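Chemist: Sequence:
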Amino acid sequence: MDDWSHGYDVSVGYTYGFCPEMAPDWLDLCARVAGYAPRARGPSASFRYLELGAGQGMGLCLLAAANPGGEFVGVDFQPEHIAHAQGVAEAAGLTNIRFSRTDLVDLAAAWPEDFGAFDYVALHGVYSWVSPKVREAILRCLSHAMRPGGLVYNGYNTQPGWLGTMPFQHISRLLKETTGKPGGAVFEDSIALFDRLRDGGADTFKILPGLKSRLETVRTRNTNYLVHEYLHESWRPLWHSEVAREMARADLDYIGSATAAETLLPDVLPPPLRDAIVEQGDNGLRQDLQDFVINQFFRRDIFCRGSRGRVDREIAALARTRLHLTSPPGAGDALDVKATFGEITLQRPAFAQIVDALGGGPKSVEELAALPDMRRQGMANALQILLLLLHARTLAVGAADPGAAEVAQRLNRVIARAASEGLPYDHVASSMLGSAVAVTDVDLMLLDAWFASPGRADVATLAKGVADRLARLGRTLQHDGKPLEGAGAQRRLTALATAFLDQGLPRWRRLGALL
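Residue numbers for the sequence shown follow the numbering used here, beginning at 1 and rising by one.
If you are wondering where the hints come from, they were derived from the structure by calculation, not from laboratory data. Predicted, not measured: the structure shown is a model, and the values here were computed from it. Cβ coordinates follow ideal geometry from the N, Cα and C atoms, glycine included. Be aware that one or more of the hints could be misleading.
What follows is a list of derived Cβ distance ranges for each label pair [claimed, not checked]:
1) G360 x A40: 25 to 35 Å
2) G93 x R376: 41 to 51 Å
3) G93 x G184: 34 to 44 Å
4) D195 x F292: 24 to 34 Å
5) D195 x T440: 26 to 36 Å
6) Y225 x D195: 15 to 25 Å
7) A495 x A40: 46 to 56 Å
Subject to a maximum C-alpha distance of 30 Å in a straight line, what follows is the list of computed DSS-like cross-link-like pairs (lysine-lysine) [unchecked claim]:
8) K482 x K338
9) K338 x K363
10) K212 x K338
11) K181 x K133
12) K206 x K338
13) K212 x K482
Assemble the whole structure, with the sequences as input and the hints as a guide.
Modeler: Listed below in structure tokens is the structure:
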């Protein structure tokens with residue numbers, strides 16, 4: 001591996017995903033739920049946000065478009081990533097974001113004066129994939145970057161959830177080293193090899209039953225994701241206590257999780273497990289035991305510089321946080337919330353009043369907790385339900401000071417056009433959320449066709465627009481995993497176009513994705 005990459009596989013670019021837990025308002029909410037006060041923002045909701053290891057930059061562009069009052073800086077050392085990120089930002093006319101093609105080791109050694117200090121710093125899929133030398137550089141960068149009271153998001157692989165996968169990762173990386181094959185071929189070979197070992201009765205499959213299911217997951221994943229997940233020399237899942245000790249060297253304290261459902265831990269665990277955790281005197285030990293209990297494999301930790309315990313005004317700020325309905329459950333349906341510690345079924349009566357109230361527009365946590373059914377349960381139980389609905393993506397956190405939708409619409413136009421040309425984008429910016437919402441490729445093709453027909457986009461025009469875009473890409477319309485052709489495809493396109501005009505456009509305007 002070249003020295004400039006520090007053992008990080010750079011043979012392909014990374015994916016274009018978005019992580020809603022990295023949004024500033026989401027981080028503020030989780031910090032307040034954990035009992036800590038995030039740094040107060042300046043006038044007009046201004047703040048500064050740095051992402052170390054920004055990848056393709058899509059997530060940061062979405063945040064910049066959704067938060068026009070913020071200033072965003074993205075750092076990555078892969079030229080391909082920075083070229084893509086800058087191209088998207090320029091095409092959308094984003095003036096509050098910049099990207100720097102910089103090695104983290106070099107950045108730590110010579111912090112640029114014009115970088116300054118930040119209210120938020122994020123690392124997603126970086127810390128447990130890089131060498132100790134680069135991790136040390138990250139800590140020095142954080143020492144330079146963080147303002148007092150600022151929040152750090154660190155998303156990393158952790159133990160013990162990866163124990164069952166470590167043999168597959170090790171062999172896959174060795175196959176890459178010894179054969180010199182590209183990533184896609186390496187994973188074809190390693191999956192075939194492990195299939196033979198399983199069918200031959202290798203004992204490790206009996207000792208590590210999760211290995212079989214992990215192989216099934218690998219078969220379905222994008223090659224670029226697999227390369228960046230598995231093929232780095234320094235790939236090593238880290239225990240939380242290791243990470244917390246290292247972050248403390250940058251004067252950063254662990255305050256809680258950015259995964260909504262995990263803010264309820266350990267209280268929601270069976271009493272014998274909960275008690276075994278809470279009786280431990282050291283928080284690092286408590287977190288490691290908790291991860292052992294739930295077989296944790298990925299953590300989204302929030303750290304704070306100069307953390308302050310809960311004060312009355314922060315409780316009030318949590319109560320004032322506005323929530324939006326983004327994906328209403330079907331009428332009469334219970335809601336199954338999948339969390340790392342198991343599946344929780346919320347029966348309709350537990351959340352029906354919340355969904356009904358939010359159907360009329362966003363409401364504050366305080367307003368929702370005051371609903372008759374919620375008031376009977378008490379604030380603590382009401383907050384638990386709201387956090388589970390946030391985890392399920394039924395609800396979303398609203399922006400503290402929403403900006404105009406104009407900037408979000410500019411980026412969303414670029415995203416829709418690129419998706420219609422085959423790029424696998426899957427989110428649009430939402431100024432009302434200060435974040436992004438998930439969409440399908442067909443949603444984006446409909447949006448692109450709508451942009452292409454201002455003022456005259458009827459059902460027939462949109463249906464034909466999607467059909468034409470699919471044809472140019474050599475793809476067929478899918479429904480329930482099956483290809484549709486002829487009259488069946490036309491009926492489906494008509495239904496999709498009708499839903500887009502009747503429901504999609506009003507929803508996206510309500511969320512500040514469109515003017």
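Chemist: Would the hint linking K338 and K363 be met if the CA-CA limit is 30 Å?
Modeler: Holds, at about 25 Å.
Chemist: Has the hinted range 41 to 51 Å been met by the Cβ atoms of G93 and R376?
Modeler: holds (50 Å)
Chemist: Are D195 and F292 spaced within 24 to 34 Å by their CB atoms?
Modeler: Roughly 30 Å apart at Cβ, these two residues keep to the hinted range, so it holds.
Chemist: Check the hint pairing K181 with K133 against an upper bound of 30 Å on the C-alpha distance.
Modeler: holds (27 Å)
Chemist: When you take the CB atoms of Y225 and D195, is the distance between them in 15 to 25 Å?
Modeler: holds (20 Å)
Chemist: If you draw a straight line from the CA of K212 to the CA of K338, is it 30 Å or shorter?
Modeler: Holds. K212 to K338 sits at ~21 Å (cutoff 30 Å).
Chemist: Using the C-beta atoms of D195 and T440, is the stated range 26 to 36 Å upheld?
Modeler: holds (32 Å)
Chemist: Can you let me know if the beta-carbon spacing of G93 and G184 is within 34 to 44 Å?
Modeler: Once the Cβ atoms are compared, 36 Å apart, the range 34 to 44 Å for G184 and G93 holds.
Chemist: Is K212 within 30 Å of K482, Cα to Cα?
Modeler: Holds, at about 26 Å.
Chemist: Range hint 46 to 56 Å: satisfied by the CB atoms of A495 and A40?
Modeler: holds (48 Å)
Chemist: Verify the proposed pairing of K482 with K338, using a straight-line Cα cut of 30 Å.
Modeler: holds (26 Å)
Chemist: Are K206 and K338 close enough, with their CA atoms no more than 30 Å apart?
Modeler: The hint holds at about 26 Å.
Against the hints set out earlier in the document, no violation occurs for any number.
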